[in-house]
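Student: All chains, please: the whole structure from these sequences, using the hints.
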Amino acid sequence: MSGTPSAADGRDRTPVPDADVCVVGAGPAGALVANRLAADHEVVVLDAGPRFDPEDRLNRQERAIRPAYDRPDVWEMGGPRDAHAASGEWFYPLNHARVKGVGGSTLHWQGMVMRLHEADFSSGTERGVGPDWPLDYADLRPYYAEAERAFGVSGADDNPFGPPREAPFPNPAFPPSHSDSLFAEACEELDIATHSVPNARNSEPYDGRGECVGYGTCQPVCPSGAKYDATVHVESAESAGATVIDRARVTELAHGPDRIEAAVYVAPDGTEHRQTADAFVLAAGGVEIPRLLLLSASKLYPDGLANSSGAVGRYFTDHLFAGVGGVLEERTRQNHVGFVTTESHQFYDEADETVAPFKLEFLNYAGPSPVELAMTGDDWGDDLLGRLRESYGGHVAVGALVEQLPREDSYVGLDDERTDDLGNPVPDVHWTVGDRALRTIERSNEIQRDILAELGAEVTWTAGPDSTGPAYHHMGTTRMGEEPTESVVDPTLCTHDLENCWIASSSVFPTGGAVNPTLTIAALALRAADAVDEALSRSL
Amino acid sequence: MELSRRDAIGALAAIGVGTGAAAYAVDTGGDAATAPVETLVAVAEVVYPSELSGVEPFVETFAERRAAGDDDHARGVRAAVETMDDRAEAWYDAAFADLAAEDRDSLLREMGVDTAAEVPDGSTAERVRYYVVNDLLMALYASPTGGELVGLENPRGHPGGTDSYRRGPRQ
Ligand SMILES: Cc1cc2nc3c(=O)[nH]c(=O)nc-3n(C[C@H](O)[C@H](O)[C@H](O)COP(=O)(O)OP(=O)(O)OC[C@H]3O[C@@H](n4cnc5c(N)ncnc54)[C@H](O)[C@@H]3O)c2cc1C
Ligand code: SF4
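Same order as they appear, the protein sequences are chains S and U. For the first sequence, the positions run 1 to 540 when the numbering used here is used. For the second sequence, the positions run 541 to 711 when the numbering used here is used.
These are computed hints drawn from the structure, not numbers from a lab. Do not rely on the hints blindly, as some may be mistaken.
[Unchecked claim] Examples of chain S residues toward chain U, derived with CB under 7 Å:
hint, residue
1, 216
2, 327
3, 329
4, 331
5, 371
6, 380
7, 389
8, 392
All residues carry an ideal CB built from backbone N, CA and C; glycine is no exception.
Tutor: This is the structure:
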């Protein structure tokens with residue numbers, strides 16, 4: 001691809017002198033922190049991946065459509081830099097689940113963004129399982145509103161089960177699809193309330209970016225830029241004075257007893273640099289943050305940095321997918337757009353010790369996409385058209401996102417047997433899923449089957465407890481809590497052990513709830529930025 | 541159903557060679573090679589459904605952008621077409637475009653293109669599948685007319701707006 005940078009791309013990747021803040025990672029968490037602090041502080045952002053050329057997005061879209069390419073190929077994931085292990089009972093396809101580069105995993109994401117429910121902040125108290133967050137919904141509420149403005153969320157205040165809101169969404173919700181209207185009728189018969197979905201994509205022009213034009217390849221690439229990705233706030237941070245260094249792989253956090261002194265990073269030509277700063281914000285995602293802390297073990301901290309609790313890397317959770325799909329006699333008009341416009345949170349707050357929260361998603365892209373199907377198979381001409389007509393048509397599907405409880409035996413560790421191309425142990429995602437989540441997947445499947453039966457659909461597939469998979473949300477691996485013996489960061493997102501190190505990531509979530517995490521990541525990132533700002537003004 | 545220039549432009553936009561975004565073209569200052577339009581049309585006549593009309597101008601517009609440039613992809617298309625022509629000469633004593641439609645179909649099958657998966661740096665059959673057959677199929681089925689043949693006027697890869705997903709089948 002023409003935009004792929006070579007080692008000799010002539011960019012200056014030397015450290016910024018006198019930096020106040022060093023942010024590790026240029027996904028949404030790092031971009032929002034940098035953007036908030038850049039006007040008043042000298043900010044440098046280091047990202048392991050490249051700065052992708054926006055002109056290449058249509059070529060990436062071709063990779064998304066053509067069978068010759070795998071999903072990780074679209075954003076050039078999966079080489080020796082990204083080697084990983086998955087030693088758990090459940091395989092974890094890590095390189096399908098993240099992107100390294102300026103913009104981070106939002107380059108690939110779907111962009112569904114909602115707030116956690118109020119009870120998610122107190123799972124232990126309300127549901128009798130898992131820890132409570134040391135924050136509640138009210139603490140995050142203003143930051144949620146700000147995060148929605150940052151993402152330009154298109155939504156409507158029509159979710160009867162959602163948490164209270166103070167302000168309208170920045171853009172109107174995308175109207176329901178044709179298949180949504182079929183589902184709405186069936187759900188009404190079953191007394192299941194449906195509602196719109198807040199989407200981080202423009203239903204109207206917003207923030208200098210155009211409205212959605214219906215390419216339908218949102219996941220893994222939006223060529224038009226209507227879908228929010230973190231390059232928006234990286235660019236904004238740069239205009240405010242921040243320096244962003246791409247292809248800067250942080251391999252170690254050099255430290256004294258109480259502070260990080262420098263982020264040690266390797267440039268593409270192999271040169272090692274040290275970026276010093278007064279404050280450090282780790283925003284490298286829920287797998288690479290614990291890995292970096294573990295890689296930074298020293299005589300002072302033999303078990304890894306910020307790890308006096310032993311919780312670094314522990315309690316890895318993801319959301320699980322549950323789904324049922326089928327076929328109707330009538331045409332359901334799937335695959336025009338690549339995002340979801342109707343959900344139901346009706347069953348979410350019935351959660352207790354035995355059943356987890358979950359939400360239902362009514363898909364607009366059930367069944368095969370004809371253009372992709374056309375490029376596989378032994379036929380062409382009229383036979384191919386006949387096959388495409390037969391296979392496109394009446395597909396419907398209902399998905400669900402299910403919470404997984406944190407467990408000690410689900411973790412991100414270092415694999416000492418295997419190293420990446422820089423000689424560092426690769427991350428081992430040892431993923432374990434408990435009975436509560438599996439039971440909840442069954443419960444979701446029952447409801448999904450009821451809905452499909454009411455619709456009159458013939459069920460053709462089920463993603464149940466045996467065939468579930470992760471939603472690519474990396475949570476829990478540096479959990480937040482009041483107690484330094486049990487958690488890695490405090491409620492201001494500063495590590496208990498090191499006074500100048502903050503973490504902005506879903507890695508701080510004590511529990512995950514059952515909504516997609518990135519709006520909460522953004523709200524926490526903005527909150528962490530305020531804490532950093534305050535600490536700097538006290539002059540650390 | 542009639543293919544239009546809009547379809548070709550739409551398809552080109554979808555695959556990265558649309559107006560403005562000359563993402564494939566790496567201009568080395570040399571003369572752009574001529575696209576093997578005739579052969580591509582001859583393949584399209586085999587792999588496109590018979591109810592389509594307007595195939596020739598569609599493929600011409602497509603080929604100009606997709607197979608004429610001095611970039612890896614265009615070179616790949618031309619090399620694959622050359623191989624097909626060599627085989628046609630060897631097995632049927634004529635250039636591919638000069639064969640009868642049944643012979644073109646047979647030749648592609650004898651080369652194993654029908655059962656090959658597309659692989660840009662693969663075997664001959666895999667490369668013909670990638671650069672020729674699937675390139676043409678992608679251009680068609682990512683275009684509004686190609687999509688409509690199947691019942692989907694805004695297929696993946698085509699920026700067809702946000703109205704069509706809301707419309708029912710008979711509207
Ligand atoms: C297919 C897919 C669909 C998704 N859909 C949704 C959705 O609909 N809704 C939702 O809320 N979430 C979704 N997500 C999850 C969402 O993308 C993430 O939650 C979000 O991007 C996390 O933001 P982040 O900034 O914490 O990390 P990331 O976006 O992962 O960014 C981390 C950055 O850190 C950099 N980095 C890593 N290690 C180092 C290092 N050692 N040195 C320097 N830099 C480093 C990486 O290069 C990367 O750019 C989806 C994810 C995927 C993969
Ligand atoms: S449907 Fe909209 S958001 Fe998705 S890829 Fe297309 S333009 Fe982008």
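Student: Are the hints correct? Go through all of them and say.
Tutor: Tested hints:
1. 216: This interface hint holds because 4 Å falls under the 7 Å limit.
2. 327: violated, 14 Å
3. 329: With a closest approach of 11 Å, the residue 329(S) hint is violated.
4. 331: holds, 4 Å
5. 371: Residue 371(S) check passes; min Cβ-Cβ to chain U is 4 Å, inside 7 Å.
6. 380: holds, 4 Å
7. 389: This interface hint holds because 6 Å falls under the 7 Å limit.
8. 392: Result: holds, 5 Å to nearest chain U Cβ.
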